[in-house]
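S.K.: Residues per chain are reported as follows:
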Amino acid sequence: MTDTTLSLTRDQMQADIAAEIGIPLAEVEPDESLVDLGLDSMQVMTLLMKWGEVIPGLEFSLFMEAETFEEWWQIAAEAQAA
Amino acid sequence: MSVFGPMETDSFPLCDSQDGIWYAQRRDPGSPVFMTGQALHLKGPLDSEALDRAIAQVGQEAQCLSLRFSETKAGPRQRLQPGGAPRMALRDLSAEADPLAAAEAAILAEAKAPADLAHGPIAGFTLWVLGPDHHILSERIHHLAADGYAMVLITNRIAELYNALVRDTAPGPAFPPYLQAVEAEARYREAPKRDKDRAFWHETLAGLGAVEGMVAGEATSARWFHRAEIALPETARATLHALSERTKLSWPDILTALSGAYLARCLPPKEDETHEVVLGVPLMNRMGTKASRVPASLVNVLPLRLVIDEDAALADWLAEAAARMAAMRRHGRYRGEGLRRDLGRIGAGQRLHGPLVNVLPFDATPKMEGLETRLQILGAGSVDDLTFCFRGDGGEGLLVQADANPHLYDLATTQAHAARLSAFLAAALGAERLADVATLTAEEHQTHVVTRNATGHPVPETTLAALISDQLKAAPEAEALVFGDKRYSAARLDAAIDDLAGNLAARGIGPGDVVAVALPRSAELIIALQAVVRAGAAYVPLDPEDASARRADMLERAAPRLVLAAGDFDTAGQPVPVLAPEAWSEGPRAQPVAPGPTDPAYVLFTSGSTGVPKGVVIEHRAIVNRLLWMRDHYGFGPGDRILQKTPATFDVSVWEFFLPFLSGTALVVAPPGAHRDPVQLAGIIRDEAITTAHFVPSMLSLFLAAPASDGLRIDRVFASGEALPVSLARQFGERITGTLHNLYGPTEAAVDVTYQPATGREPGASVPIGLPVWNTRLYLLDARGRPVPDGTAGRLYLAGRQLARGYLGRPDLTAERFPEDPFVPGERMYDTGDLAVAAADGRMTFLGRIDHQVKIRGVRIELGEIEAALEATGLVSQAVVLAPPDHAGKARLVAYVVAPDATGDQIRAALSGQLPAMMQPAAIMVLEAFPLNPSGKLDRKQLPAPQFGDAPAARAAAPGTEATLAALYAEILGLPAPASAEADFFAAGGDSLKAVQLSLAIEEAFGTDPGLGTIFEVPVLADLAQRIEQSGQRDDGLGPLVRLSQGTGTKGTLFAIHPAGGISWCYRRLARELKDWAVVGVQSPLLDPNAAMPDSLSELAAAYATRIAAEQPEGPVHLLGWSLGGIIAHAVAAHLEGQDRQIGALVLLDAYPSECWRNEPEPDEGAAIRALLAIAGHDPDAYPHLVSRTEILGFLRETGHPLGHLPMAAQHGVVRSVQEVNRLVRGHREPRVAAPVIHVHARLDHAGSDRTPQLWTPHAGALEVVDMDCRHADMVSDRASQRVAQWLQGRTG
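Residue numbers (numbering that gives the first Met the number 0), protein chains in the order written: chain C, 0 to 81; chain S, 0 to 1292.
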């Protein structure tokens, strides 16, 4: 499976996160703590509402538990694979 | 026979996130406020079996529900009790008349029940059946186990499991284990991130001053809270989302920031104009951690500093506030409790933040198959001060909730906050800037500005001259004026006034002119003032005795046409004629020109804060309003006699001079100087049957202190000029027959504008100044001229008919102090510069000058409170406390007192227990009398400079309680030397755990438990010592019965009989371990030196039996005794059985029948003293070098044993008891008891002796022996006590 077949791509996810926090895309490094980058739980809700339109069944609590962008992507990738 | 195995050790310490809750609960173990709770209303067909199964499943998954807690010396610990989660309870209320009401009451009662943290359950689920299709599921979990988010997780999981069961689908994944949260926290504790977070917080909080709440008082949660809630209006919610959209700020952040802006409106005005508030913001502390999905208590309350810039564009200010919140969230794992420790903000007055703002966007109501659900939040943890909560996801509605500590706020105030905050938010969300937003709701604004000021009353547009002339002519024969032997009828006075007025008129004096009057108190003074007014001019009073430059200045500025004074009056070079009374009859007369209502009646010079006197010009219509109000309100008329004693230069004199003659009342003029002489005043009041007099509170205090005033009758006494202490009002009631009235007003508003009867029963230190007089408006405004809420201090402005025309020759100053009335177009108001606060009924209380607020170590101090405490010592007849700055500009409290029979040190000693250390004066200056100015007010400038003690260095702890406490502070805090008397436990490095250790150490040392809360409340050593002594007076722990535990006593009461020494304190450890028992120590009457010696042990035991039977009138009696105490316990059991009482447990701790002792020598005094060592739990044989009483007591003190601190009399009592009990034992013959004896046998002793447990067999119904691997002396040690307790607890019944 390649990115192009996915509803939400890794690049798109990264771009959405950067935009939501209001920081340059490059700062959303895969292993950086999203909390440290300034993401808060309300923004998580906003992002999930947006992504939930293309991927059904995204669990808020799973994203809350994950620390980094890389972990987030894993959750999203698994949800899309399911 | 049973032998104990090892203790269970599967416990682990509390998480940092639980510490704060633990210690808060520990302060008040019976408080239910830490039980979080909610009720889920379920409408529709419910499968209650499925719900029961779902809850059972959640009990397995959410391990926090099976937590248990215990306390150890190293701090609190927790463990997971297998199967310890509660199952669903079922309560069917469908047969009730009103099932819903019954359920709601029962649920609230359930929510208000505290949990047993040691034994559980710490949570509960109850399904209330209201009808076939109506149920409520109530949930409650102790806050140590769950925070708000955990409650949401658990509730949602119950719903998920329920849905899966009824739909027959598979539920989602279960919760991670509890330890996952514990480990996540442990990892953070070691992570470099934590250091970065700490650095962030220390930098963010640098320079943070004292954090104040809306109301003064200790912000420590009560057992429950007031709640008020109101839905945020729909339109406001729409505006909120639009604003969030436009600004790209989250709506929770916007609500938090605006709540902070609201809070700022409710704080007292600050002199430095920096409008910073410090909110407490609870952070979930879950995002991005493995603890995220674990039901546990993780929430973290951190301080949010917000500078309220009301002039900034709202969007800009919100963005800045949101940036601060984003920053705090990035560092939101560092614990608030740790921050308190770091910054030394623990204990009384050391707050880290003010009220809380909690936005909870995630607690959506769970959806359940076939059911309509509604969620109701009952409690969410403690409420220290005030908590604003916003509930709802923002989409469907937002509930504004105010929870308030009932110690600080009443319910009405709480409701007002909820309503006001909601209105404030609605307005602020649509505002350009905060500055444009009102603080009050529209209704409140109407009440404050209009309703409370609806004082309109018809008063004729006339003049003093006209009113007085009419009245004097109406009753010409009435006595009008008395001065010594001179008595004037109304007609004679009227003629004299006419004559002098004609003289003035002949000199061309008339309306618009000013005439100075500088006469001593006399009939001539009265006539002169009346004549000036009748001639149409305004009078300006000058002090005849003050020939200073001040007089010259006043003469120059008032530019009088004439001075009515003694012939030798010095006009200081001003070209103004002087007319002496001797010359009044000379010269021509003319018909005066009557003044108009808007002509000036008098000009009074007041000393302004700048020191330059200002001439206040009062018009007739203003003073007429004031005098007619007074005449009507207090019913002045013929028969009244008013005393004139106030100097004419003080505006109070105005009503004394003019009220009598417009109400048909006689005026009695006191001789010059008499106003300062209580004896002379009392004489005049009695001889002249005075019905009305005025006193400045300072002078009233002097007057009441004089024996001459006792028992006087004065119908009305008016007090004004200074705040009226409640204590003084009370004193008045005790000494004088009559009523006392408090009046308030500046010279700039025609004498007085508010009134209040003073009863002496008012709450607070000062009598309120009350309500406005006729045609008068009061406004309490903030620095921007907006009305402030009730309970919030504001600047007092006056408006209405009584306002002065302005300052003579000072249009600039007049414009400044008499700005436009913003509420009544075309009118002016007067800025008093006074701070006041309004109660809910609108009554005002004067708080002081706005520029004279006193803060000591950042905390606002009410000087009146200190004055009241000084007076309450009974050593001081008058007291005034000032706070002059020292050389470094820091305020220091100086008390000036008049104390005929006491020294400063005595007063200080008497005061020390009455006030916290922070409020103790740094200097007490004892004066013979207070210097008063000519008006009778305290003359502060004449007070001597304070003499501070040479040693601003810390005072050493005094011998006794303080010294002991100083040693305990040092030991627990690891100080190199004993702490000083002023040492603050928390400032010196204490934290909550150490406070617990201190409370235990105090309990051991003094035999009295001050309670953990007391240490937080009074952490300063000297204050704490005082408290301990006070509680010691109530209970020195040496009484015949001493309660050794706070145990619930579900298994009954255990009476523990003292060993030979007569004191039962040795059973404290056992009592602490026996959680299900109430333990009462029975102590020897011989501790009291006056007690008679009993003749036999049986007689002693009979007395104990009677005492015990009285304490516990029914049910089986449980007895325990160690050593010789066991023999007594056995004898007590025999007596009780003789009274047909059933004996439950009879536990003898390594005790042997008296036959074992009969042939042993009785201990001499030396041996008896050494018995103290045994009583203290030491083996005397191990300390052969300790011989004398001093050595032994010294040793006990060093080892921290309470016996080392026994008072001398009790030491003798212990020795006497040891000797006496030994004597009695030797003469004792054991009776037989029916009950079985439980013998706890110290196996390591008694080898080679004939002492065996079996010796009890002939004296008991049965014998049960419990072997312990310990020695006799260790029987009450920690370890043995624990095991004995464990064994007893395990025993049924």
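Since the hints were made in silico from the structure, they are not lab data. Take the hints with a grain of salt, since some may be wrong.
Said to hold, decoys possible - Below, simulated BS3-like cross-link-like pairs (lysine-lysine); rule was C-alpha separation at most 25 Å, straight line:
no.: 1; chain 1: C; residue 1: Lys-49; chain 2: S; residue 2: Lys-1050
no.: 2; chain 1: S; residue 1: Lys-289; chain 2: S; residue 2: Lys-195
no.: 3; chain 1: S; residue 1: Lys-1050; chain 2: S; residue 2: Lys-111
no.: 4; chain 1: S; residue 1: Lys-42; chain 2: S; residue 2: Lys-192
no.: 5; chain 1: S; residue 1: Lys-247; chain 2: C; residue 2: Lys-49
no.: 6; chain 1: S; residue 1: Lys-289; chain 2: S; residue 2: Lys-42
Unchecked claim - Listed below are several chain C residues computed to face chain S (Cβ distance under 8 Å; list not exhaustive):
no.: 7; residue: Gln-11
no.: 8; residue: Met-12
no.: 9; residue: Ala-25
no.: 10; residue: Pro-29
no.: 11; residue: Ser-32
no.: 12; residue: Leu-33
no.: 13; residue: Val-34
no.: 14; residue: Ser-60
no.: 15; residue: Met-63
no.: 16; residue: Glu-66
no.: 17; residue: Glu-69
If you're wondering where the values come from, they're calculated on a predicted model, not measured in any experiment. Glycine included, every Cβ here is placed at the ideal spot set by N, Cα and C.
S.K.: Would you list, in rising numerical order, the hints stated earlier that this structure does not obey?
M.R.: Those not satisfied are hints 1, 4, 6, 7, 8, 9, 10, 17.
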